[in-house]
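Okay, here's what each chain looks like letter by letter:
Protein chains: 2
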Amino acid sequence: MNKRTLLAAAAALALPFPALAQSAAHDPVALRDAALSDNLAWEITEGLTTEVGQRLAATEAEARARAWAVKKLTALGFKNVHIETYKMPLWERGIETAEVLGGAAQKLAIAALGNSGSTGPKPIEAEVVAFATLADLQAAPAAAVKGKIVYVGNSMTPTQDGSQYGFFGGARRAGPSIAASKGAAAILIRSIGTDYHRNPHTGVTSWVAGVNPIGAAALSLPDSDQLERLLKRGPVKLRVQITAGMKGEAESGNVIADVPGSDPSAGIILIGGHLDSWDLGTGAIDDASGVGITTAAAKRIMDAGQPKRTIRVVWFGAEEPGGFGGAAYAKAHANERHVLAQESDFGADRVWKFETNLPAGAKPIADRLATVLAPLGISRGRGTAHGGTDVGPVINTGVGVVDLSQSGLRYFDYHHTPDDTLDKIDPVQLRQNVAAWTAMLAVTANAPEDIGPIPKGEGE
Amino acid sequence: MNKRTLLAAAAALALPFPALAQSAAHDPVALRDAALSDNLAWEITEGLTTEVGQRLAATEAEARARAWAVKKLTALGFKNVHIETYKMPLWERGIETAEVLGGAAQKLAIAALGNSGSTGPKPIEAEVVAFATLADLQAAPAAAVKGKIVYVGNSMTPTQDGSQYGFFGGARRAGPSIAASKGAAAILIRSIGTDYHRNPHTGVTSWVAGVNPIGAAALSLPDSDQLERLLKRGPVKLRVQITAGMKGEAESGNVIADVPGSDPSAGIILIGGHLDSWDLGTGAIDDASGVGITTAAAKRIMDAGQPKRTIRVVWFGAEEPGGFGGAAYAKAHANERHVLAQESDFGADRVWKFETNLPAGAKPIADRLATVLAPLGISRGRGTAHGGTDVGPVINTGVGVVDLSQSGLRYFDYHHTPDDTLDKIDPVQLRQNVAAWTAMLAVTANAPEDIGPIPKGEGE
Chain E
1 MNKRTLLAAA AALALPFPAL AQSAAHDPVA LRDAALSDNL AWEITEGLTT
51 EVGQRLAATE AEARARAWAV KKLTALGFKN VHIETYKMPL WERGIETAEV
101 LGGAAQKLAI AALGNSGSTG PKPIEAEVVA FATLADLQAA PAAAVKGKIV
151 YVGNSMTPTQ DGSQYGFFGG ARRAGPSIAA SKGAAAILIR SIGTDYHRNP
201 HTGVTSWVAG VNPIGAAALS LPDSDQLERL LKRGPVKLRV QITAGMKGEA
251 ESGNVIADVP GSDPSAGIIL IGGHLDSWDL GTGAIDDASG VGITTAAAKR
301 IMDAGQPKRT IRVVWFGAEE PGGFGGAAYA KAHANERHVL AQESDFGADR
351 VWKFETNLPA GAKPIADRLA TVLAPLGISR GRGTAHGGTD VGPVINTGVG
401 VVDLSQSGLR YFDYHHTPDD TLDKIDPVQL RQNVAAWTAM LAVTANAPED
451 IGPIPKGEGE
Chain W
1 MNKRTLLAAA AALALPFPAL AQSAAHDPVA LRDAALSDNL AWEITEGLTT
51 EVGQRLAATE AEARARAWAV KKLTALGFKN VHIETYKMPL WERGIETAEV
101 LGGAAQKLAI AALGNSGSTG PKPIEAEVVA FATLADLQAA PAAAVKGKIV
151 YVGNSMTPTQ DGSQYGFFGG ARRAGPSIAA SKGAAAILIR SIGTDYHRNP
201 HTGVTSWVAG VNPIGAAALS LPDSDQLERL LKRGPVKLRV QITAGMKGEA
251 ESGNVIADVP GSDPSAGIIL IGGHLDSWDL GTGAIDDASG VGITTAAAKR
301 IMDAGQPKRT IRVVWFGAEE PGGFGGAAYA KAHANERHVL AQESDFGADR
351 VWKFETNLPA GAKPIADRLA TVLAPLGISR GRGTAHGGTD VGPVINTGVG
401 VVDLSQSGLR YFDYHHTPDD TLDKIDPVQL RQNVAAWTAM LAVTANAPED
451 IGPIPKGEGE
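Protein sequence lines correspond, in order, to chains E and W. Residues 1 to 460 in UniProt numbering are what the first sequence spells out, letter by letter. Residues 1 to 460 in UniProt numbering are what the second sequence spells out, letter by letter.
If you are wondering where the hints come from, they were derived from the structure by calculation, not from laboratory data. Any given hint could be a false lead.
It does not matter which identical chain is meant; a pair holds if it fits inside one copy or across any two.
[Said to hold, decoys possible] In silico BS3-like pairs for lysine-lysine, Cα to Cα no more than 25 Å straight-line: (1) K79 / K331; (2) K331 / K353; (3) K107 / K71.
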């Protein structure tokens with residue numbers, strides 16, 4: 001038993017029933033239960049996805065979404081509502097077609113990956129060279145790839161914690177750059193997804209410095225299976241056209257709203273999700289619901305009375321192409337004292353687990369969270385919270401974090417596809433999310449402990 | 001108790017355990033159980049959908065599918081394998097785009113309906129006039145529709161017998177002609193489907209004589225919901241382009257294969273499915289599986305020994321645009337004696353019910369079918385069999401029919417969409433289909449009763 005475990009055990013003995021309510025106004029249990037009737041998260045999710053639709057980073061649509069957000073957050077009574085803009089490279093989709101040539105002539109459904117290059121003004125025709133995994137592509141000699149259309153498979157399956165995305169997502173994030181560096185004409189990957197619909201999964205890819213971008217797209221899973229079946233029968237030649245590419249520098253931005261705390265010295269609790277989406281669906285699960293959930297929870301705390309700590313809700317811009325909004329926020333607000341930072345960016349299915357990363361003096365907060373979250377069906381995980389792309393840059397400065405982990409069992413059926421639409425949101429599970437976030441904020445925003453910085457290397 | 005019911009009751013008393021086996025070679029129980037290990041139906045479904053892909057009627061792809069069929073049926077040992085061609089009008093899809101204009105600017109996912117006209121060389125822009133049902137559109141004055149883009153909703157839900165398709169399908173079959181007759185600029189219908197994916201459901205529409213076709217397309221259900229939400233907020237203007245249209249006359253055809261019977265005077269048992277598909281998916285459930293199931297069952301009877309009656313398998317052409325193959329077959333074979341005609345054209349989920357329409361002297365066949373099909377989980381329905389589009393023209397000449405009804409609970413999730421692909425076929429349920437068809441053929445092809453014609457008006 002190490003020192004940390006010993007302390008935890010002692011704390012558990014001392015506080016078998018941790019006192020939850022730091023103030024009558026912010027009783028976490030009462031606020032939690034009231035939030036199970038929440039309608040605001042739905043209203044925001046429905047409104048943003050319906051009235052704006054897709055919100056690709058740095059486009060006119062994302063700007064419309066920011067205006068929508070300011071109007072909404074102001075009407076809700078948040079303070080200090082404003083936009084903070086920044087410049088970033090704009091990527092846009094163009095034509096994207098793929099067809100099998102020869103005796104089995106047929107079209108395949110593809111979607112260009114974010115940051116994909118172009119195959120040029122005319123379609124290219126080339127033979128396919130297939131790799132079952134990213135590792136196989138990495139191991140292949142350039143001579144086997146040069147001039148070919150690379151195909152990379154994967155075997156992703158659904159998990160509640162979404163943990164396969166990290167591993168299999170490598171084919172999307174790194175595969176195109178590796179293929180390009182070996183002289184490939186283009187690359188088609190099996191979608192990083194778990195559904196069998198003809199809706200390919202887009203998502204960002206990155207090019208290593210010095211590598212010239214090539215056309216890079218995802219095939220839907222049915223189309224990937226089809227290509228794999230054809231490849232078993234013999235060589236396959238494809239005609240592919242992808243005219244995506246970078247369109248210069250454009251403006252994106254974060255929308256910021258505060259619930260001011262009574263004790264400015266106690267620091268800021270940062271929460272939020274991202275306002276931008278990919279351009280294929282309307283970004284309901286990714287991530288209109290995330291801004292809806294966190295905003296609804298903050299509004300409930302605000303309406304119950306002034307909390308001790310300031311709660312700051314940020315609707316981050318340009319998360320999808322690489323976390324531009326999160327980076328810009330951290331830079332612009334480096335001089336403010338953030339004590340906790342967390343985001344909702346994994347859909348709207350129920351929260352099933354929570355984990356924390358807290359400084360030593362604030363660890364009792366985690367015990368109180370366990371007590372108030374358990375009735376919502378939320379277990380205390382055995383790992384360490386790590387936040388996400390938007391709050392990551394703040395967390396990396398030594399700020400604590402509470403992860404409220406949503407069930408990912410169907411998240412990758414819709415993620416980054418045209419199917420990310422409002423009908424995928426279950427209003428009952430959405431409300432459970434709001435209840436979890438409300439309870440978490442009621443506990444943390446009023447916690448009597450000082451929530452200090454987490455020295456490098458000393459996190460849980 | 002009428003005469004028919006009395007006879008049925010008497011028959012049930014006389015034959016509590018109907019003798020199933022008319023010949024040792026064609027023991028229906030043994031053949032049925034062996035078919036539960038069938039691989040041929042899968043092989044055909046996989047081969048046709050993979051090696052040919054989509055097979056739009058009267059196109060080069062459908063011709064390739066006929067060649068594929070002849071090669072396959074010949075290799076399997078069927079006799080008299082040949083193609084019978086006919087001419088028909090060719091319809092083809094073109095550009096199809098729809099977008100909301102104004103403050104909620106966004107794209108909507110549409111697919112032109114078969115036989116859709118064009119909106120012209122440039123997109124049209126017009127306000128939407130929405131009708132909750134086809135009846136509402138029918139009742140509307142022309143002044144309310146003229147120059148507008150008509151939207152028609154529906155509230156179709158899944159049923160095991162697929163019975164909602166007949167009613168709600170009217171919006172697709174008849175809605176466009178009604179809208180055009182009232183001067184509509186175009187029509188978008190809510191897909192006749194039950195899924196929530198961004199894959200609209202195409203399908204044929206018909207124009208009343210004298211009505212000029214307009215652009216007619218289906219919105220996916222998520223997009224229909226989106227449009228309905230926007231319409232609740234106020235008027236909606238759309239930009240729509242549909243360049244589909246008729247492309248003159250072209251060739252289609254049926255592929256025919258026989259298992260010759262030992263007694264030519266006993267008549268032909270006609271079975272099959274359709275070879276063509278819509279152009280969006282690869283036509284796995286509609287209807288590669290149908291030709292696979294019926295062919296695999298006929299092959300099992302053939303391999304067991306010569307049956308008394310000839311079994312004719314037809315892979316019908318051009319079913320989707322209006323049953324051209326079925327009509328051509330009935331005309332070309334009007335002088336042959338068909339005694340039963342049935343088709344498989346409702347996917348590949350399990351057969352759950354059977355019904356018959358038999359002449360009076362052949363009714364004991366239905367009792368024997370009930371006995372041999374029950375162990376497969378197949379109930380005897382209380383209705384009358386009616387066949388389908390392909391065998392309908394033969395049935396209408398007074399020919400009996402056995403319907404082996406498949407479960408339709410998920411059929412309209414994929415029907416006529418890009419999602420109609422091989423992965424939607426459950427191999428276990430596919431084999432149950434083959435077992436049901438094999439047992440049915442073992443009973444009917446060898447039945448000692450004369451299966452006479454059904455005089456008009458005297459069917460069950």
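Consistency of the hints with the structure:
1. K79 / K331: within (21 Å within a copy, 78 Å between copies)
2. K331 / K353: Neither. Shortest intra-copy (31 Å) and inter-copy (67 Å) distances fail the 25 Å Cα cut-off.
3. K107 / K71: between (44 Å within a copy, 24 Å between copies)
In the structure shown, a violation is registered for the earlier hint numbered 2 alone.
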